[in-house]
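Peer 1: Hey, can you piece these two chains together into the complex? The hints should help.
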Amino acid sequence: MAEIGSPSAPRPAAPPVSPASVAVAVLSAWLVPGLGHVYLKRPLRGLAFFALVVVAVLVGSRLEGNLYQPVQGQPLTLLATAASMGMGFLYFLLRYALHYQGNIAGAGYEYGTAFLLTGGLMNLLLVLDAWDIVRGKKE
Amino acid sequence: MLSHFLLMVLYALIVSLFFTLLWRRERKEQIKLFLEIFVGMVGGGLLVAWLMYYFPSGPPAPIP
Numbered sequence: 001m002a003e004i005g006s007p008s009a010p011r012p013a014a015p016p017v018s019p020a021s022v023a024v025a026v027l028s029a030w031l032v033p034g035l036g037h038v039y040l041k042r043p044l045r046g047l048a049f050f051a052l053v054v055v056a057v058l059v060g061s062r063l064e065g066n067l068y069q070p071v072q073g074q075p076l077t078l079l080a081t082a083a084s085m086g087m088g089f090l091y092f093l094l095r096y097a098l099h100y101q102g103n104i105a106g107a108g109y110e111y112g113t114a115f116l117l118t119g120g121l122m123n124l125l126l127v128l129d130a131w132d133i134v135r136g137k138k139e
Numbered sequence: 140m141l142s143h144f145l146l147m148v149l150y151a152l153i154v155s156l157f158f159t160l161l162w163r164r165e166r167k168e169q170i171k172l173f174l175e176i177f178v179g180m181v182g183g184g185l186l187v188a189w190l191m192y193y194f195p196s197g198p199p200a201p202i203p
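In order, the protein sequences belong to chains A and B.
The first sequence begins at 1 in our numbering and counts up by one.
The second sequence begins at 140 in our numbering and counts up by one.
Any given hint could be a false lead.
[Unchecked claim] Pulled a few chain A residues facing chain B out of the computed Cβ check, cut under 7 Å:
no., residue
1, ALA48
2, LEU52
3, ALA56
4, TYR111
5, MET122
[Claimed, not checked] Straight line, CA to CA, 20 Å or less: simulated SDA-like cross-link-like pairs of lysine to any residue:
no., chain 1, residue 1, chain 2, residue 2
6, A, LYS41, B, TRP162
7, A, LYS41, B, LEU161
8, A, LYS137, A, LEU124
9, A, LYS138, A, VAL127
10, A, LYS137, A, SER21
11, A, LYS138, B, ARG166
12, A, LYS137, B, THR159
13, A, LYS137, B, PHE158
14, A, LYS138, B, LEU160
15, B, LYS171, A, ARG45
16, A, LYS138, B, LEU161
17, B, LYS167, A, GLU139
Bear in mind the hints are in silico, worked out from the structure with no lab data behind them.
Here the structure is a predicted model, which is why all the values come from computation and not from measurement.
Just so it is clear, CB atoms sit at the ideal spot from N, CA and C, and this is done for glycine as well.
Just chain B, same shape as in the assembly (with noise of 0.2 Å):
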């Protein structure tokens, strides 16, 4: 099963590919702007999820 950070990942990717072809036509515009999405959302999203690590957690689960 994938863990979170790879469905992240793989998110990033699909829809990075997804811009980079629908608005780029140029190979090195697309490398660049790919690599711009890609890094955003996935530096972006271990920024975010850094930022919340010093958040409290809340109450733990109740046991079923």
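One chain only, chain A, in its complex shape (with noise of 0.2 Å):
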């Protein structure tokens, strides 16, 4: 039989929780950047989790990368618009408040994209995380 605390052993029943509480903290780590791990107590961490997506976005916007959006014709687009909005209020901020258009003709183009995706899927990470946080199955 395997001790407790090592990887084989059976975990303790996680105590239940509300679904209110669990798409609380799924919602506010897709929205804010972080803001799920501080809502399950975890401020340093979430703080740190927003730092790291905020540059993402912010290095992929100065380097004028494609913030993507559905492109009819080309349906991986879609996929992309998934990811790109997986940055929460930061996309919509971009895209409608600041009205912000890639350039294809820039230097930094590639690079930008690269930065802007990457900030996206980080932050569905997050929310995973944050899911996994709630429901007691991670610390």
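Peer 2: The structure is reproduced here in structure tokens:
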């Protein structure tokens, strides 16, 4: 029988969590990078994640990378848009408040696109992390 | 303006820090994972760049 705390030991059952609590954790994690972790009482980690995602998005926009939106006839742009929207409010801020347009002729376009996509995808991972933490699957 | 290399290093730094914070809690394990990812990305990028060095670069761009 494996010892308690070893990787193969059965994990103690997590206390039940209300669906509302799960929803708040997940939605806040998506909407503002790191906010889900702050809600789950991990403020330093939340702040660090916020900084990392914001830096990625700032660098990407400074390099005038492409902030994806669906393009008719190009179904893969739907996936890319979903990835970009992973950054939460930052996507809508860039797209609709700042009317951000990438510059395909810019020297940093490809790099900027990579940074923007990565910012979105990192935040989607944070959403999954918050979901695991709120359900007690992870510390 | 940042060079290709510095942008690659910056990207590797962001991603390495992110996954270190996401996956590890103990300081020693965090440092280890950070170095693994960071050195892997930067070193791997340099390795691939050098491997591509020997490929022909193609025709010159047309003069506008």
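Peer 1: Give a verdict on every hint.
Peer 2: Here is how each hint holds up against the structure:
1. ALA48: 6 Å, holds
2. LEU52: 5 Å, holds
3. ALA56: Holds - the Cβ of ALA56/A comes within 7 Å of chain B, reaching about 5 Å at its closest.
4. TYR111: 5 Å, holds
5. MET122: 5 Å, holds
6. LYS41/A to TRP162/B: 17 Å, holds
7. LYS41/A to LEU161/B: Between LYS41/A and LEU161/B the Cα gap is close to 15 Å, so the pair holds against 20 Å.
8. LYS137/A to LEU124/A: 17 Å, holds
9. LYS138/A to VAL127/A: Roughly 13 Å between the alpha carbons, so the hint for LYS138/A and VAL127/A holds.
10. LYS137/A to SER21/A: 15 Å, holds
11. LYS138/A to ARG166/B: 18 Å, holds
12. LYS137/A to THR159/B: 18 Å, holds
13. LYS137/A to PHE158/B: 18 Å, holds
14. LYS138/A to LEU160/B: 13 Å, holds
15. LYS171/B to ARG45/A: 18 Å, holds
16. LYS138/A to LEU161/B: 11 Å, holds
17. LYS167/B to GLU139/A: 18 Å, holds
Figure legend: structure checked against the earlier numbered hints; every hint is met.
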